[in-house]
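**Q** Spelled out from the first residue to the last, the chains are:
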Amino acid sequence: MTKLKLQSLHKRESELAQTNRQLEILSNGIFKSGELPKFRDKIADTGHFPLRPKKLEILQINLGYMCNQVCDHCHVDAGPDRKEIMTRETMMQCLEVIKNTGAHTLDLTGGAPEMNPDFRWFVEEASKAGIADFIVRSNLTIIRANKKYYDLPDFFKKHNVHVVSSMPHWTRGKTDKQRGDGVFDKSIKALQELNAVGYGMPDSELRLDLVYNPSGAFLPGDQSTMERDFKKALKEDFGIHFHNLFAITNLPIARFLDYLIASENYEDYMTSLVEAYNPAAVENVMCTNTISISWDGWLYDCDFNQMLELKVDSKVKHIKDYNEDLLNDRNIIISQHCYGCTAGAGSSCQGKVT
Amino acid sequence: MNNNYYDPKDLKKFGDISQWSEELGEKFFDYYGKVFEEGALTAREKALIALAVAHTEQCPYCIDAYTKDTLQRGVTKEEMMEAIHVGAAIKSGATLVHGVMMMNKVNKLDG
Chain A
6 MTKLKLQSLH KRESELAQTN RQLEILSNGI FKSGELPKFR DKIADTGHFP LRPKKLEILQ
66 INLGYMCNQV CDHCHVDAGP DRKEIMTRET MMQCLEVIKN TGAHTLDLTG GAPEMNPDFR
126 WFVEEASKAG IADFIVRSNL TIIRANKKYY DLPDFFKKHN VHVVSSMPHW TRGKTDKQRG
186 DGVFDKSIKA LQELNAVGYG MPDSELRLDL VYNPSGAFLP GDQSTMERDF KKALKEDFGI
246 HFHNLFAITN LPIARFLDYL IASENYEDYM TSLVEAYNPA AVENVMCTNT ISISWDGWLY
306 DCDFNQMLEL KVDSKVKHIK DYNEDLLNDR NIIISQHCYG CTAGAGSSCQ GKVT
Chain B
83 MNNNYYDPKD LKKFGDISQW SEELGEKFFD YYGKVFEEGA LTAREKALIA LAVAHTEQCP
143 YCIDAYTKDT LQRGVTKEEM MEAIHVGAAI KSGATLVHGV MMMNKVNKLD G
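Chain order of the listed sequences is A and B.
Each residue of the first sequence is one higher than the last, beginning at 6 in this note's numbering.
Each residue of the second sequence is one higher than the last, beginning at 83 in this note's numbering.
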């Protein structure tokens, strides 16, 4: 059965559009009763509390929550009805930071970052900073969404952008179930177009990586095995090449939290995450090497804390006051959603962490 | 004894069988783990076989565990159902092939 497109939690005026409500749910129930340990206690048991940053490696900038898709499990609660996008003024503040940062990776995300009217200007300016790895998280269908985006593969190539794209499965059924009708066919076409300009091809320096996240209330399988299966299927069925697959765990926030509660999977899913807790993953969780910047310039430990509106615990909270040394001297804010990053092989925007 | 023979929570206690026979329990779980490692068959293929056998054995714990396991390995629902049909075909075939035994007996006694 195919699924009709949803609206964002904000558009539906769901109570889960309120981040306080999400945090309340994550702190009550099985965690309040003591049936499951709180994340703080769990990491304290393994000697990881308080969680502190290591060397900053990644600046992740969210250009806005507007998106052409409304995926079932979006932790951003993105969609066409979201109007929050970064202004050029905030982009200019970001550019100042990019020029001086010690981070080796710049990671642009959204929503669909390409939908920000200043996206191309920002990429052109940011690429001048000579940062080693310049990532744009592209949802693929945006490339086929409108004529004005058709040349994105060439634009990415011109600026040597590293493209990271979501692809939930190598079959139409599972992909469209999660991301909406027609997403699979458009994604395949977009991948072929990226391949055509050199992206993802063997030995090509134009990096094309895919992101896999499970379509339901279960954890991702082994990343390297999934990569092998994806590569085999996409090559045999569509002649598509890509470099690496990142397997990402769905975190219990925003629309995925809504789905877990509505499908009565919340408690079992949280139990699975807690049981799969891996102290080795805590050592390398992405909040220890990343700063996440929101569309309006606020600073967060990670993209998930951004979506929960948990600003960094630092004197420096906004891009206009950015100071890397001060920022690095902070405790990372945690809650029960953090179990999503420490389960199994660990999970981050760059895939597994162990 | 509970009111139900099967309790989903018991699946998590599977390891407890070693408590009353430690050596045999450990040997079993070592063997079990080895069987499901990648080998001449992929772990994905083995999980699908396990799912089919879980159904022919009608083991609720195994159905619970291997449905989740196959989903995690990216197996589609169509593949899962086909695997169960393979198990069902063997199960029903095994019943029906014994019909030849019945026919042989009938032919001998009443041919």
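A portion of the hints provided could be inaccurate.
Short derived list, chain B residues pointing at chain A, Cβ under 7 Å [said to hold, decoys possible]:
| no. | residue |
| --- | --- |
| 1 | Lys109 |
| 2 | Thr149 |
| 3 | Lys150 |
| 4 | Gln154 |
Hints are computed from structural coordinates only; laboratory data are not their basis.
Using N, Cα and C, we set each Cβ at its ideal position, and we do this for glycine too.
**Q** If a hint holds in the structure, say so; if it doesn't, say that too.
**A** Hints versus structure:
no.	hint	verdict
1	Lys109	violated (24 Å)
2	Thr149	violated (9 Å)
3	Lys150	holds (6 Å)
4	Gln154	holds (4 Å)
Hint compliance for this structure: hints 1 and 2 are broken, all remaining hints hold.
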